[in-house]
Structure formats: structure tokens, C-alpha cells
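Model the full assembly from the supplied sequences, consistent with the hints where possible.
Line by line, the protein sequences give chains A and B. Residue numbering for the first sequence follows the numbering used here, starting at 27 and increasing by one per position. Residue numbering for the second sequence follows the numbering used here, starting at 27 and increasing by one per position.
Please note that a few of the clues may not be correct.
Once the Cα atoms are required to be at most 25 angstroms apart in a straight line, the calculated DMTMM-like pairs of lysine to aspartate or glutamate come out as [said to hold, decoys possible]: (1) LYS137/B - GLU269/A; (2) LYS264/B - GLU149/B; (3) LYS270/B - ASP341/A; (4) LYS270/A - ASP340/B.
Output of the computed footprint for chain A on chain B, the stretches with three or more beta carbons under 8 angstroms from beta carbons of chain A [unchecked claim]: (5) 140–153; (6) 239–249.
Since the hints were derived computationally from the structure, they do not count as laboratory data. These numbers were taken from a predicted model, which means no experiment stands behind them. Heads up, the beta-carbon is just placed ideally off N, CA and C, and yes, glycines get one too.
Protein chains: 2
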Amino acid sequence: MNNHEELIKQWLKDNRARGTRFLQILVQENSTRGNESSAQAVIIEKCRQLGLNLDIWEIDRDELKEHEAFCCDRQGFEGNPNVVAVLKGTGGGKSIILNGHIDVVPVGDEKNWEHDPFSGHIECGKLYGRGSTDMKGGTAALIMAVEAIIATGIKLKGDIIFQSVIEEESGGAGTLAAVLRGYQADGAIIPEPTGMKIFPKQQGSMWFRINVKGRAAHGGTRYEGISAIEKAVLVIQKLQQLEKNRNIKITDPLFNSIPIPIPINIGKINSGEWPSSVPDLAVIEGRMGVSPEETISAARGEMAAVLDELNQQDDWFQENPLGIEWFGGRWLPGNLEVDHPLMKTLSESFVEIKGEKPVIEASPWGTDGGILSNVGNTPVVVFGPGITATAHDANEHILLEDLFAASKIIALTLLKWCEVSE
Amino acid sequence: MNNHEELIKQWLKDNRARGTRFLQILVQENSTRGNESSAQAVIIEKCRQLGLNLDIWEIDRDELKEHEAFCCDRQGFEGNPNVVAVLKGTGGGKSIILNGHIDVVPVGDEKNWEHDPFSGHIECGKLYGRGSTDMKGGTAALIMAVEAIIATGIKLKGDIIFQSVIEEESGGAGTLAAVLRGYQADGAIIPEPTGMKIFPKQQGSMWFRINVKGRAAHGGTRYEGISAIEKAVLVIQKLQQLEKNRNIKITDPLFNSIPIPIPINIGKINSGEWPSSVPDLAVIEGRMGVSPEETISAARGEMAAVLDELNQQDDWFQENPLGIEWFGGRWLPGNLEVDHPLMKTLSESFVEIKGEKPVIEASPWGTDGGILSNVGNTPVVVFGPGITATAHDANEHILLEDLFAASKIIALTLLKWCEVSE
Numbered sequence: 027m028n029n030h031e032e033l034i035k036q037w038l039k040d041n042r043a044r045g046t047r048f049l050q051i052l053v054q055e056n057s058t059r060g061n062e063s064s065a066q067a068v069i070i071e072k073c074r075q076l077g078l079n080l081d082i083w084e085i086d087r088d089e090l091k092e093h094e095a096f097c098c099d100r101q102g103f104e105g106n107p108n109v110v111a112v113l114k115g116t117g118g119g120k121s122i123i124l125n126g127h128i129d130v131v132p133v134g135d136e137k138n139w140e141h142d143p144f145s146g147h148i149e150c151g152k153l154y155g156r157g158s159t160d161m162k163g164g165t166a167a168l169i170m171a172v173e174a175i176i177a178t179g180i181k182l183k184g185d186i187i188f189q190s191v192i193e194e195e196s197g198g199a200g201t202l203a204a205v206l207r208g209y210q211a212d213g214a215i216i217p218e219p220t221g222m223k224i225f226p227k228q229q230g231s232m233w234f235r236i237n238v239k240g241r242a243a244h245g246g247t248r249y250e251g252i253s254a255i256e257k258a259v260l261v262i263q264k265l266q267q268l269e270k271n272r273n274i275k276i277t278d279p280l281f282n283s284i285p286i287p288i289p290i291n292i293g294k295i296n297s298g299e300w301p302s303s304v305p306d307l308a309v310i311e312g313r314m315g316v317s318p319e320e321t322i323s324a325a326r327g328e329m330a331a332v333l334d335e336l337n338q339q340d341d342w343f344q345e346n347p348l349g350i351e352w353f354g355g356r357w358l359p360g361n362l363e364v365d366h367p368l369m370k371t372l373s374e375s376f377v378e379i380k381g382e383k384p385v386i387e388a389s390p391w392g393t394d395g396g397i398l399s400n401v402g403n404t405p406v407v408v409f410g411p412g413i414t415a416t417a418h419d420a421n422e423h424i425l426l427e428d429l430f431a432a433s434k435i436i437a438l439t440l441l442k443w444c445e446v447s448e
Numbered sequence: 027m028n029n030h031e032e033l034i035k036q037w038l039k040d041n042r043a044r045g046t047r048f049l050q051i052l053v054q055e056n057s058t059r060g061n062e063s064s065a066q067a068v069i070i071e072k073c074r075q076l077g078l079n080l081d082i083w084e085i086d087r088d089e090l091k092e093h094e095a096f097c098c099d100r101q102g103f104e105g106n107p108n109v110v111a112v113l114k115g116t117g118g119g120k121s122i123i124l125n126g127h128i129d130v131v132p133v134g135d136e137k138n139w140e141h142d143p144f145s146g147h148i149e150c151g152k153l154y155g156r157g158s159t160d161m162k163g164g165t166a167a168l169i170m171a172v173e174a175i176i177a178t179g180i181k182l183k184g185d186i187i188f189q190s191v192i193e194e195e196s197g198g199a200g201t202l203a204a205v206l207r208g209y210q211a212d213g214a215i216i217p218e219p220t221g222m223k224i225f226p227k228q229q230g231s232m233w234f235r236i237n238v239k240g241r242a243a244h245g246g247t248r249y250e251g252i253s254a255i256e257k258a259v260l261v262i263q264k265l266q267q268l269e270k271n272r273n274i275k276i277t278d279p280l281f282n283s284i285p286i287p288i289p290i291n292i293g294k295i296n297s298g299e300w301p302s303s304v305p306d307l308a309v310i311e312g313r314m315g316v317s318p319e320e321t322i323s324a325a326r327g328e329m330a331a332v333l334d335e336l337n338q339q340d341d342w343f344q345e346n347p348l349g350i351e352w353f354g355g356r357w358l359p360g361n362l363e364v365d366h367p368l369m370k371t372l373s374e375s376f377v378e379i380k381g382e383k384p385v386i387e388a389s390p391w392g393t394d395g396g397i398l399s400n401v402g403n404t405p406v407v408v409f410g411p412g413i414t415a416t417a418h419d420a421n422e423h424i425l426l427e428d429l430f431a432a433s434k435i436i437a438l439t440l441l442k443w444c445e446v447s448e
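Here it is as C-alpha cells:
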């Protein structure tokens, strides 16, 4: 066995430039929502070269829409396929899903980026660009691990099911489609940007939209109107209080080092059309974290309760109650036992490569792991090389050293989990 | 003289339906910014029928742009002309400008309107629609007054210079263009929606834009970012405090019944692109009122000072200072003596028609009067039939009774001010 591990480690050491170049090409293809096709083409071409069994299909909204885990406001998937590529095992070993999402979030204010957001610029051991960390770096680590096994001629007993899915950033319709297409396994690794931490538990999350009404008036007699912006400030303050109250209750030690275990992020506000009019509508959009121990509906209930409270406390809201809408993205929480065999195998491989124990925590954000585990009955660990802090940020980047280490750790895990066929 | 007045009053009484219909047609033409042409066509056709000397021209940005009172972010004026129509006097009397703006503000959230915003719907003596009050109703009162004089065969000594201008809601480029084209007079009436009050002083105002920076991050680790929305709340609170401090200092009795003499209206906020990202930029836009006794630059200085204060107080703003931009609309304040002859003439006519003394106040909003008086050296009174509270609001409407009364008061004022040529 040691021989196989050494072969793999050596190949990965010798092929760093190859892995780096692959990630660079992947980052250079802008794959924001609705534009995933060209990055998927890079994935498909690579899988074809590796001789994997490819399954490429466009999501059929009609097939998925009745499923209770389906949560997606996108109408068309034409031209932007899901990709699954299987390395069939010789039989008898445990199977594994390696799941990465190809979609990336928008770039934000481009002025905050030092380089073009899709440059793939490399400097001081870091590769920059939208998606480099979240999570094309993770996907590159998966591909390198699989390529190492194939290139060294090692045969495994269990199947490796590599998935490059769309829609993770918007509610997981891509992974749901893969699960409903029949892809399940004895375990799964999702290399989201954990900064090399291992996350057996994953925070769930969901998006909300709150409509805050005002009454329009001329700005010069603004006292004759009701500013939707001023009213929205009350809502923001209430949400901040709710976030505080919910997080005080989180006592799981896996959350110990996370400042806000289940955040309520206010991601958007839009109000007003004209500087000198009192705005009559403010729309707040955000993301509410869901604890691994709670249900989606319990979390929604807490949000509804504080908005009801505000509706009671404020004269204007009594007449013009706040409405909440749960739309777009929703990620089910995940909750794997810390001593699950997959956790043990991954942790051992981590120690072998890094020479130290891994940090085991709860993930501060939702992933497609909730769908894989809850709908697909597949035990999921989230572990990857990207840097949490730079995900969704300007100047997103990844440390290439972490990428190389992660690919080794994942490759060793594959050898042990799927078992080498001698 | 009494005979002329009786003739005028009788004609206006007999032609109420005619005036109502004219206003209705005018309201039915959507004349939001950039779309003023079809409403101006209605005005032009009417002035042509009345035999007025028409001057129709498109504003030439290049001619105006160097003027210090020019304040306009609109590039093209093609197809949306300014209109001036003169009823030449026989000579020897005082001239008067009757100024109305044809542009209307956007309709806001259409769901808040009971009828189509451009319906011109009439019910219970009220005519509804965007612009009915601000200020096509005022313009209709002017036209009715002029038509009454012409229809009754009365000749005046002084010139009546009727103006239907664009761009009032965005900084007054239309009136500035008319002034620079040479239109000046011994007095001016602007029938903005004062609710039949007489405003010798006008609040100035100007638009501002404040950029509030944040630092993007994934919403699940929002503590790693800085929310531009949370930071924007601090700015909003600071502006609310500034408004309070500025208004405490206003002691002019003309402002006695105005809850906030010089408001700071926060009309717009836009921040964020994605519910589960920490937003890295919030843009606040609004309108700052300027007291008739202060200069534009003094008011700007007060705003700059409080933002500087915030830049000092807050660690994040120390590194990422707030920037302010004065853009778009700017209306100079106006300040006519309460005992100016035009005030006396208008007040007398008011008493004759209404049988009571007019309410004399300071206008709670800027008008083109600032340009007419400061640049055009023309004494300005603002007085009109529209209802301040419904201007810029959903279900904007005007009381037709007020429209008829205003047209009589203005017509009598014309007889006295311009003098009847026997």
C-alpha cells in the first residue's frame, strides 16, 4: 500500500505545473450563473482525456420542480449542462462522490479588484480570480487526485463519481438533479473552501426577501410621507438582534472558533427611484443561516416571529405589515457523526500529508452536502483548499500549496476508501 | 376695471369644463424626463389656437454648460423642446412671466395607484394622475387665465410671457435656458403646488450621492467582511441628526407651520448584488434643502463637515472615507420681500376671489424661482392650486375647485399687474 501512496505523492509533486495550469484555464472561463457552459467544456475535455465515463445533461426543470428540496428561480438551463464523470472500480470497494460546483458568484465592484476578475493571475504562490477559491481550486484538487490514480496505473475497487454541477450558489438544483438521476455513494467529499479544515457538519441556509412599504411624498415635504428607507433601518436592526439571539444558543464545540455560527447576512437593499422623493418601497434580501441541529422551517419560524413583533410594535407596520418571502437559494444543513469512517479515513490522510491533526469544525455556510446527505443518503464531508475569507470577495485567490496538499490528501483517501485492487 | 374683472370671472365660470378637459389631456401625456415632447405638443397646439407668439427650441447643452447655475446630467434634449408663448402688450405696463414645468417625476410603485398613473381620472371634484398637481394643474390655471383675457377681448399694456419648461425636477436647465435666451420680466408667478398658499421665499435644494464602501465576503462568514449596508445605516443616522440640527436654527416665522423647513431627504439606497454576499458598496442618494437665507456652498459645507466627523469617528471610515458627490438637480433658493408689489397685487386678488386672507409661507421645496430671480433678476412669487402632499406620491391629484379659483386669482393679478389698455 505504501508503494501506491508514494507513487501518487510523487506524481502529484511532479505535476504541480499541470494542476496549476488546469485551474488557471478554469478560472479564466467566467462561469457566473447562466454562463457555466465554457467552464464545463474545460471539465468535459479533461474528463474525456482521462477516459472517464461521461454523463452530460441539461437539467429538466419539469422533472425536478415538484421535489421538496428543489429551490430555484432559474427558468432555463439550455446550454449549461451538469457533468458527471465516473471512474468505474473493479468491484467490492466503497464508492465515493467527489462533488464540485462550477458556478461562481458575481464579481462585485470591479474597481476593488487588482487584476481582471477572470485573469487567473499567479503571484507569490497564489492564483487569483473569481472562483479560484470557491470552488474551482477544490475541483482542480479532485481532478488532480483522480488523474494521479489513473496516471500511476492504480486500479481501485470502488467507483469514483466525479461531479461538476451548476447552481450551488443558488440553491443546489445541480446536485439535486445528479442525486435524482441516481448518483449515490458510500461517501462524498465536497472540496468547498474550508481553508483545509474538515467540516462534518454544515450550516444550512436560505434566502429571504423582505418588502418594507413606505408612503411616497415630495422630498421637500418629506414629513408628509413615510420613508421606506427609515423603516428598513428598523428591520435591519431587528434582524441584527435576531442574529445575536440565535447565536447565543449555539453551544456545539465544533462552532467554538466561529464568531457568528449561523449568521443572518443582509446582502442587498434597494429602495427609491428619485433623490427628491420619499421612497415608498424598500426591498431587503439576505441569507439566514440554519444550524445543523435545526430544521429549515424552525429557522423560518423564528424570523417570522420577530417580523410579527415589529408589525405589532410599530404603528406604520400595523397598517402596512412586513412581508417575507423565501426565494432563490436554500441549502439543507448537514450533520455527519464526527467518528464516521469517512471522517477517520480523511483525517488519517490529512495527518500523513500535513504531519499534524486537522482542525475539525462546523461549516459556517451551506453547501450541496445537505442535498447529498438528506436527499441522496450519502455521508458527506466538506474539506477543501480554498480560503473561506476570500470567497465571494474581491481579489479572491487560493494558495497553490494548499491545493497541492489537498489533492494529495484526497488521493490517499480515495486509495483507502475505495481500496486498491491488487 | 370692475367690469373687466366681472367679464373674466364669468368667462372662467362658464369654461370650467374646457379647463378640466385641457388638464386631463395634459396629464394623459406621460412627460417623465426625456419624454416631454407629446405634452409639450398639447401646450404648443393650445398656444397656437390662442394666437400667442410661439418660441419653441431645443436646449443646447453647449450654450448652457459653462453657466454656474447649470446643473444637469442629461445629455440630449432632441425632440423635447422648451416652449415660450408671448401675449404682447400694447406698451407701458409691467411685464410678467408665467412659468410652469412640463416634466413630471416617475410614478413609483404602480401597485400603489388606484388608477393608471396617466389616466386623468376624475372623481368627486378631483383629477388624478402623475403631474396633475405637480404641476400641470398650475399650468392649466395659467392657460385658462390667459385664455380668459384673450376671449373677453381685454387688451393689456404689459407683456405676458407664458413658459412651459422641461427639467424643473432635475435642476432647472429649462428655465435657465429661457432666462439665457433673454426672457426676463418685472415679475413672475410659478404655480407650483402650494395648496393655494403664497410663497415669497423658496427653499433651495440640491442632490447628493454618498458612496459607502464595505468589504465583500461570503455571507456565511460575514464577520470576515464589512457590510456596506451596516455602514450606510450609520450614514443615514448621521444625516438624520444633521437635518435636526439645521432645522432647529430656522426661526423665520414664514416657516412656523412647516414641521421640517429644510429637510434632508434620503431618496434612494442601492447596495449589494447577491443575498449571500456581504455587500462592498452602498450608494445613498438624496436631496438637501437649502434655507432662503443661506448659500448653496454653506449648506454643502455643513454636509461635508458631518461626513468628515464620521470619517474620524469610525475606524473603517478612517481607512475608507465616505465620498460625497453633488450631482443632478440643484435649485437655488429664492427670497422675495413679503411687501413686494407683486405680493400685494397677488394677495389682493386672492382676497377678492376667496374672501379671506392668503396664507403666506416659505416654500418647503426648491422651484425654478431661484433661477428666475437669481439669474434672471425677475421677482418671483410661487402660488398654485396643486396639493403639496400628493406631489410625487401615488394617486397624485388636484382639487378642480382650487384650479378654477387659482385661474381667477391669476387672471385678476394679470389685469392689475400688466394694466388694462382702455
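Against the structure, the hints:
Restraint check for LYS137/B and GLU269/A: not satisfied, since their Cα atoms lie roughly 32 angstroms apart, outside the 25 angstroms limit. Taking the CA atoms of LYS264/B and GLU149/B, the gap is near 43 angstroms; set against the 25 angstroms cutoff, the hint is violated. Distance check on the hinted pair: LYS270/B and ASP341/A sit about 22 angstroms apart at the alpha-carbon level, within 25 angstroms; holds. This hinted pair checks out: LYS270/A and ASP340/B have alpha carbons roughly 22 angstroms apart, not beyond 25 angstroms.
For a cut-off of 8 angstroms, the count of residues in the segment 140–153 of chain B with a CB near a CB of chain A stands at 0, and the three-residue condition is violated. Only residues whose C-beta sits within less than 8 angstroms of a C-beta in chain A count toward coverage, and the segment 239–249 of chain B has 9 of them, enough to reach three; the restraint holds.
Checked against the numbered hints given earlier, this structure breaks hints 1, 2, 5; the rest are met.
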